[in-house]
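Protein chains: 4
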Amino acid sequence: MLGVGLIGTGFMGKCHALAWNSVRAVFGDVGPVRLVHLGEANAELAVRRAGEFGFQKGSGDWRSVIEDPEINVVSITTPNQFHPEMAIAALEAGKHVWCEKPMAPLFADAEAMLAAAKRSGKVAALGYNYIQGPAIRHIRRLLAERIIGEVNHLRIEMDEDFMADPDALFNWKHASSSGYGALDDFAVHPLSLLFTLFGRVSRVMCDMSRPYPTRKTEDGSDRAVETFDSASVLIHMENGVAGTLQVNRSAWGRKGRISLQIFGSKGSILFDQERANEFQLYVTSDRKTEQGYRTILAAPHHEPYDRFIPAPGHGLGFNDLKIIECHELIKRISGAPAHLIEFADGLEIERTVHAMARSYQEQRWVDVR
Amino acid sequence: MLGVGLIGTGFMGKCHALAWNSVRAVFGDVGPVRLVHLGEANAELAVRRAGEFGFQKGSGDWRSVIEDPEINVVSITTPNQFHPEMAIAALEAGKHVWCEKPMAPLFADAEAMLAAAKRSGKVAALGYNYIQGPAIRHIRRLLAERIIGEVNHLRIEMDEDFMADPDALFNWKHASSSGYGALDDFAVHPLSLLFTLFGRVSRVMCDMSRPYPTRKTEDGSDRAVETFDSASVLIHMENGVAGTLQVNRSAWGRKGRISLQIFGSKGSILFDQERANEFQLYVTSDRKTEQGYRTILAAPHHEPYDRFIPAPGHGLGFNDLKIIECHELIKRISGAPAHLIEFADGLEIERTVHAMARSYQEQRWVDVR
Amino acid sequence: MLGVGLIGTGFMGKCHALAWNSVRAVFGDVGPVRLVHLGEANAELAVRRAGEFGFQKGSGDWRSVIEDPEINVVSITTPNQFHPEMAIAALEAGKHVWCEKPMAPLFADAEAMLAAAKRSGKVAALGYNYIQGPAIRHIRRLLAERIIGEVNHLRIEMDEDFMADPDALFNWKHASSSGYGALDDFAVHPLSLLFTLFGRVSRVMCDMSRPYPTRKTEDGSDRAVETFDSASVLIHMENGVAGTLQVNRSAWGRKGRISLQIFGSKGSILFDQERANEFQLYVTSDRKTEQGYRTILAAPHHEPYDRFIPAPGHGLGFNDLKIIECHELIKRISGAPAHLIEFADGLEIERTVHAMARSYQEQRWVDVR
Amino acid sequence: MLGVGLIGTGFMGKCHALAWNSVRAVFGDVGPVRLVHLGEANAELAVRRAGEFGFQKGSGDWRSVIEDPEINVVSITTPNQFHPEMAIAALEAGKHVWCEKPMAPLFADAEAMLAAAKRSGKVAALGYNYIQGPAIRHIRRLLAERIIGEVNHLRIEMDEDFMADPDALFNWKHASSSGYGALDDFAVHPLSLLFTLFGRVSRVMCDMSRPYPTRKTEDGSDRAVETFDSASVLIHMENGVAGTLQVNRSAWGRKGRISLQIFGSKGSILFDQERANEFQLYVTSDRKTEQGYRTILAAPHHEPYDRFIPAPGHGLGFNDLKIIECHELIKRISGAPAHLIEFADGLEIERTVHAMARSYQEQRWVDVR
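Protein chains in written order, with full-length UniProt numbering: chain S, 1 to 369; chain L, 1 to 369; chain E, 1 to 369; chain W, 1 to 369.
Be careful, since some hints might not be right.
All copies of an identical chain are treated as equivalent in the list; a pair is satisfied when it fits inside any one copy or across any two copies.
Said to hold, decoys possible - Below 27 Å or equal to it, Euclidean Cα-Cα: the simulated BS3-like pairs (lysine-lysine) are:
id	residue 1	residue 2
1	Lys288	Lys173
2	Lys216	Lys118
3	Lys57	Lys216
4	Lys57	Lys266
5	Lys216	Lys331
6	Lys216	Lys266
7	Lys101	Lys173
8	Lys266	Lys288
Simulated from the structure, these hints should not be mistaken for laboratory data.
Bound-form chain S, shown alone (with noise of 0.2 Å):
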């Protein structure tokens, strides 16, 4: 019997609710589950949403879910910057911790979370859901089976539109204050599927740039923008590969895209989280006459798709991914091998984006490591 406690209310929270939910009726292969504690600053809406979402209780002091006895695992679904200090604390209350990406703005603060984990000897794990899907798990399969060769060349572009609107007032992400930008905002996605595709970042040269260098303030005078909405990088990877990732949240007209290019000697694949129950696969082992790019719809025999439908050409949601990450997390704390991002691997993942930000600043290639 797995105790769960949830601090976070928002989006977020509301996915981990309805993973820790359904992940037993959608897999059938774990314990039984029970949703002990959800912790969110405002005491009476805790309790409101430990009633919706299912939990037994709800407070108003995170620091109550931690401590309370009955629970074994926390998942963490506030903002980044509330991270380092809950994440450490449930570690060393000896929590599992499910944790919301990033770590932490401040690279330190995620190093202190590593440590932590490595202290505690519980699993500290990320919420990196895009590499948990149907399409992601089964590219990730066929690269490791050389169904396109050698892989030679990637790129990858991640865009959303929702900074695009250049009559929005400047706000609190405009400022500096919230750091680089969209790097921060998105660049650990793309990376986490690289992470996850082909191993680590060795190198990376990055420009960044401001579509709209001014905005309005709300007294109707202008004000500098001080974050980038776009970012493009030159990447190597560890393994010799070079290529290309981008990022732009003032991109109209992308809503969730993130497109995936990957070039090998034998074939490449495409795809494309706005469509992420499909993905694209060209073979030279197909005929001459008839190689192209087959549109492959998510299927059963595309794991685990059909814990969810046995039936292909359905389709999972976004918030089944959540569901299937709840479900390594679950095999992870029982000791299985399972497919997540944990803090080690996380720490790299954001080491790459401070280096992406140096490399901007200092106008040159820079080293990850």
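With chain S fixed as given, assemble chains L, E and W onto it according to the hints.
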């Protein structure tokens, strides 16, 4: 506090269980739901699945579920031939019924189900999930506001390939005792969309065909196939619109395709269930030189997408449709208006399917009523 | 040295002129072609277009073209009602004929054209250009080698929107004197593809509809529309395959769509003329976990693409189809086998269209022959 | 009467010949064009091709073409290293020059070509055909009217797979004597689009990579590959916009891809040369709930599509682009404004390519000028 019973633990049983587990966390605006009692012919399996699915108890006798005093509503997800007896018994026991589609293989049984529902005064709803997707629901809104003017032509196709392998042995679905074939398997789905978007069908002219006239049996002999894997139907709607409805269960390459083409006096709309998180809209109000089909990704402003995810372009899954349906059911039980197909309309859908079969047998146009 | 005459200087006249101008440069394997004489009702225009199109002379009397002793072959591109008289005269004058489709509004006239062709011993070919594209020609080759096994189901749709505007005034195409409507305008095109790929149609069951029952006339009054903008037809091929053929000339958003779905026992093929430089192939010989529609771009190995461009993915255009057709015609004139629809098959195509109309009038299945 | 000479009878020679043959029939608004003299190193082939391509004579000496007094304009379609000598000689002989791109392998030679053009006062145009497609030309118009507001980010990729086979033997394109690799083969094409749509590039930061560091030679030994099959470039435009340009000639699955993503303050535009008869437009002026990329098919209102075909959705081909370019050239010769890249801009394109190479060698940002 809603007490829930579930009969059946196959694909759709699990799907209902997931919906009951998640509906309150997703929507927040419904009261507590208690998963009370799960019925399944195999008593041992019933107990096991009750544990996995989060039900308090399981039993090998479906009548004990229906009679359970703690239950207000029963999900019926057993094979179609069991629906009439179970649904009628549940209604007579004073329970609301949520029954998977179609109602019954025999039309007279479906009529009896509707009669029982009327007598009971209880909610009797059917599991037509495809009408619940945010894209379809938004299309319905757009049609209501005449964004493409007056609709004048319709085409709908539903195709899968689970019967397409010519080397698969003769099985019960190839015997006429299973019904007409693809018409029974599929036609209710596109009809549920037509009913939801445009109203009822008035006349039909149906052709059917068999891709493989014989199949091998286990002893190696040939046996004539008695059912039809494809049906093509000319249709007239009660509102005067003409079009076609086609179904095929031996269509290699099609997995969960439900393709809808809607033509109107000021534009057109396209949808395909294989890419259920998007639809296409063409409107003549766009400037002539830039008219083209817009690919519109499901987003929070397409109700009730925002209850699942606050960001556009991330996508719902097949199981999410059942959560939405469950929410509509709960609204309906509470007396609020709901977007559901209940037994009265369900019977008309099945009447239409039977009219199609009769049209083929008599090789002529048939009036549905 | 082939001497060429051309009658008509509209869209298709220009298209033929371009083909005659380019065929030798493109293919290289044909002898010199001399553009001798262009006929057009307006004598002045005839002279002007002769200059533009590269003909030696132009005249206002089509008979002088046909009788020109320097001419061996005549392109007939005038409105359909003039085809019979011109084609018969040309054949009787001992010229080969290349006539735009369809042969004639009246079936008896088309029969007379075939009789004249037989008497003459000359080549009498029709301008069915869509059968000439590299994608369609390659699909034909793939079907012949049974790459998708035995074909068992067909769907073909041809849709445009040039009649879709409800505010356009009543014109000659809305009067029954112009024929049945979309059936006349379009049905020969999808039929040319079906004939080329699968053979002849044996039985048809046709429905037709009018999106706009009345239209305004110039004086502001309403006038009943007598033709049908859409036709939906259940079809049986002589080879036993069933399917549907649909045409619509009021389908907002569709521009030059000819969508073909071919299902077989080992796969399926999709094609759409709006993306004529590609087609899609699904084959069950691909490994099960990576089966999907391949999007195959036209390439030099898809005959005769390489005569136009030596690199794949660059694309032919609509006018190039007529150049290919012209090359086939020249091969045919020289006595070589050619990929063309001649009057004998053209008559069967038109017989099929008339059977569709009769089926609608009589509201029943009609045998084509 | 324009007298035309052509040097070269390969792919592009044939393409020019087709354009000269068709330009008057297509456009109608230009005077007579006489195909006078074709030059080709092999005299016998020259005579043969002159006949096929419709030229009056052929000869084995390109100088005799240039000096032919009946010629006003010379198409130069020979390998790049011959461009400088031929183009300069033609200009000095008082002929207009239409030279395939790029101008020359060595930048100094390209400079000499521009100097010769300036001295001559003749038209000296380059064969940048991709800027001529109706979709690209319409995109240019849309950008000029600010339909997507102010452009703030660009991405362009050009990929093919003709060098992707790792088993192909070492050839001259793998030796550094052939240049940098993909950068030379391709970069001028995307640059021609950037120049046409947005102006010049100011700064570049380039990375290059080799998918296959060695290749087999004919005697079975390994030889180091000296050129780079891919180049990824961070770019800044003179107008301040940032973005990326990527080229890859070993990208399995890509055939003629030139993918362009343009992001602006009020929308975005996408284009891919593999589907050159369409483009995609997203505009924030659409109602929010129905915003999405419109797939806009090339149509008569996209200049000069209507000169080829009067109906939308039928598509131009690759060779048609050269006909349009030829028409622009004739307009330019007649003194009218024309949509063409002439030697002055061509030189800037090549300067940009050389700056990219230098950036890679020096591993730093390089100013183009």
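We went through each hint and held it up to the structure:
1. In the homo-oligomer, the alpha carbons of Lys288 and Lys173 lie at most 27 Å apart only across protomers (23 Å), although the nearest pairing inside one protomer, at 50 Å, exceeds that limit.
2. Taking the shortest alpha-carbon separations for Lys216 and Lys118, neither the intra-copy value of 46 Å nor the inter-copy value of 49 Å comes in at or below 27 Å.
3. With identical chains, the CA atoms of Lys57 and Lys216 are never at most 27 Å apart, being 44 Å at best within one copy and 60 Å at best between copies.
4. In this assembly of identical chains, Lys57 and Lys266 lie within 27 Å of each other by CA distance neither inside one copy nor across copies; the values are 55 Å within and 47 Å between.
5. When the C-alpha separation of Lys216 and Lys331 is checked against a cutoff of 27 Å, the pair qualifies neither within a copy, at 50 Å, nor between copies, at 44 Å.
6. In this assembly of identical chains, Lys216 and Lys266 lie within 27 Å of each other by CA distance solely across copies; the values are 17 Å between and 52 Å within a copy.
7. Taking the shortest alpha-carbon separations for Lys101 and Lys173, only the intra-copy value of 17 Å comes in at or below 27 Å, while the best inter-copy value is 46 Å.
8. Both within a single protomer and between protomers do Lys266 and Lys288 lie at most 27 Å apart by alpha-carbon distance, with minima of 12 Å and 19 Å respectively.
The structure fails hints 2, 3, 4 and 5 (numbered hints given earlier, in ascending order).
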